[in-house]
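Chemist: The chain contents come next:
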Amino acid sequence: MSSLLLKTLTKKEEIDRIIRDTIDEVLVLRFGRCTDTVCLQHDDILAKSVTDVSKFAKVALVDVDSEDVQVYVKYFDITWFPSTVFFFNAHHLKLDSGTADHTKWVGAFHIKQDFIDVVEAIYRGAMKGKMIVQCPVPPERIPKYQLLYKDV
Amino acid sequence: MATLEDSFLADLDELSDNEAEMDENDGDVGNEEEDVDMDMADLETLNYDDLDTVSKLQKSQRYIDIMQKVEEALGKDSDGAEKGTVLEDDPEYKLIVDCNQLSVDIENEIAIVHSFIRDKYKLKFQELESLVHHPIDYARVVKKIGNETDITLVDLGDLLPSAIIMGISVTSLTTKGSPLPEDVLQKVLGACDRALDLDSARKMVLDFVESKMGSIAPNLSAIVGSAVAAKLVGTAGGVSALAKMPACNVQVLGHKRKNLAGFSSTSQSRVGYIEQTEILQSTPPGLRARASRLVAAKSTLAARVDATRGDMSGINGKALREEIRKKIEKWQEPPPARQPKPLPVPDSEPKKRRGGRRLRKMKERYAVTDMRKMANRMRFGTPEESSLGDGLGEGYGMLGQAGSNRLRVSSVPSKLKLNAKVAKKLKERQYTGGATTSGLTSSLAFTPVQGIELCNPQQALGLGSGTQSTYFSESGTFSKLKKI
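The listed protein sequences correspond, in order, to chains X and Y.
In this text, residue positions in the first sequence follow my numbering: the first is 1, and each later residue adds one.
In this text, residue positions in the second sequence follow my numbering: the first is 153, and each later residue adds one.
Isolated chain X, as found in the complex (with noise of 0.2 Å):
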């Protein structure tokens, strides 16, 4: 339901207009299902915390059940719904939460402040031109997963 305050995308060109426009703002991607039940829950903090943050990031759903979109499912290598992906500057920033894959945040935030501290850390990092930075979440808050490629 609150995914209806946020902008939803289905195709590749607003995905790229998106990517493209957000100036000095962090560009918090989500790719999942709305009927997903934890896609529901992270919108649900994602929603709330629009706001807050709104002076330094801005944040777009994408749908992932879409055609044109599976170019950037594959592209990030996206299996788990949701998955957040951060852009600055058309830049795509790594977050290392502890867990295996940097290049994402797999699952929902357990709470909105853990949210809103990602993305501060996320903007500082890029502000002074880093490519990764360090996760603030404890690791008690971190969804775990475990990683499988090709069945290994």
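It is possible that some hints are incorrect.
Calculated lysine-lysine pairs in the DSS-like style (CA-CA distance at most 30 Å, straight line) [as the list claims (entries may be wrong)]:
hint	chain 1	residue 1	chain 2	residue 2
1	Y	Lys-493	X	Lys-94
2	X	Lys-130	Y	Lys-504
3	Y	Lys-478	Y	Lys-396
4	Y	Lys-504	X	Lys-55
5	Y	Lys-493	X	Lys-112
6	Y	Lys-493	X	Lys-48
7	X	Lys-94	Y	Lys-503
8	Y	Lys-408	Y	Lys-396
9	X	Lys-128	Y	Lys-493
10	X	Lys-11	X	Lys-74
11	Y	Lys-493	X	Lys-130
12	Y	Lys-478	X	Lys-58
13	X	Lys-130	X	Lys-112
14	Y	Lys-478	X	Lys-128
15	X	Lys-112	Y	Lys-503
16	X	Lys-128	Y	Lys-504
17	X	Lys-48	Y	Lys-408
18	Y	Lys-504	X	Lys-112
19	Y	Lys-503	X	Lys-58
Worth flagging that the hints you see were computed from the coordinates, not collected in a lab.
Here the structure is a predicted model, which means the values were calculated and not measured.
For chain X, the structure is supplied; the task is to place chain Y on it using the hints.
Modeler: Leaving out everything else, chain Y in the frame of chain X:
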């Protein structure tokens, strides 16, 4: 002794003389007082005899004339008001002015009659005066009670609120009054009738003025209503008089002063007749003070317009009233809703570094101590001592070197902000007082070159032999050491 006795007697005589003199003086004063008393007594005897000597107004010619005119004018309907350039020329206006003056006079008269009634009735029921304040109510109550001893038989229900009636019945049981003699009672009742007559006359005059107020001062009546306008003009003594008053005075015209002893007047709201206006009655009590100020200000403006007869149609007054209404409505608006504020951009606001004494004291705890400074420096040409000996371990620098007079550097306490001279004295005293220095401290320094070196420990501290002047000293002590 005889002379002593005589002198005593003489003293006594003097005293008695003094007393005689004082008696005379008292007599004089007494006479004066008696005179005054006579006057008062005259008044009182006058009072006792005839109400008319006190309350002359009703019999006066002026009163009768004006009342006649008022009755006439009330009877006929006046023609449309002429737009004279000066208000004062209008004959009707003259009548209004006279009526105003008369109403004030009638009020004074009522007060006099009231005190008359009160003085007489005190013998019967003293406390009634403090229970019922308003003179007309008092007169009515007195008339109703008459010479009754039992108040419960008297029905005061329509005259007073029930709380006061209860108070009256309770106090009547304990009153020390006695019923009045017949003639006094008649006088009292006559006075009550007089008071009520005056009151009704006043009401008539005010009604007349009120009805004419629309033509006399249309703008003022447009704002405050004709009744209050009439009262204001009456109390002020004319429209021009009202116009000349500052607005703050207009606000308190007609304010009933109920300052009982000991009560502060800051808790009272200083509003007079303005309080009775429709505008103020309809504002919530929290805004009444502000509203009364506003209404007083605008009504003063309207009165000024009316005094010069600039606008006879009352448009100005209506516009002012509209303005007042709008302002009061604006005050009652709820405040705008709070928007949720977004977080500030990280690192956009520079950190505010704080300074001051507290920070400096904090920094002192981590500052480099003198001992460490001494250890950091070295003397030229001489190898320094070290903790493990022979160049190994930590170097001691200037500590323990010959000529420095210190084997053990005493710890200097934190740099308290003592005056430099005071600090030196403290150190001197500490050194010479000496009871607290440990027994192991030595003023001797063992050096390889000179052997035992005897030196003045105070010299090291820069205190000299105590007799040297600090200004010209060779060691060149600075009285103030500032960290750069």
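Chemist: Take the hints in turn and mark each one as holding or not.
Modeler: Verification of the supplied hints:
no.	hint	verdict
1	Lys-493/Y / Lys-94/X	holds, 29 Å
2	Lys-130/X / Lys-504/Y	holds, 26 Å
3	Lys-478/Y / Lys-396/Y	holds, 27 Å
4	Lys-504/Y / Lys-55/X	holds, 21 Å
5	Lys-493/Y / Lys-112/X	holds, 16 Å
6	Lys-493/Y / Lys-48/X	holds, 13 Å
7	Lys-94/X / Lys-503/Y	holds, 28 Å
8	Lys-408/Y / Lys-396/Y	holds, 22 Å
9	Lys-128/X / Lys-493/Y	holds, 26 Å
10	Lys-11/X / Lys-74/X	holds, 15 Å
11	Lys-493/Y / Lys-130/X	holds, 29 Å
12	Lys-478/Y / Lys-58/X	violated, 44 Å
13	Lys-130/X / Lys-112/X	holds, 24 Å
14	Lys-478/Y / Lys-128/X	violated, 56 Å
15	Lys-112/X / Lys-503/Y	holds, 26 Å
16	Lys-128/X / Lys-504/Y	holds, 21 Å
17	Lys-48/X / Lys-408/Y	violated, 60 Å
18	Lys-504/Y / Lys-112/X	holds, 28 Å
19	Lys-503/Y / Lys-58/X	holds, 26 Å
The structure does not agree with the numbered hints 12, 14 and 17 stated previously, though it agrees with the rest.
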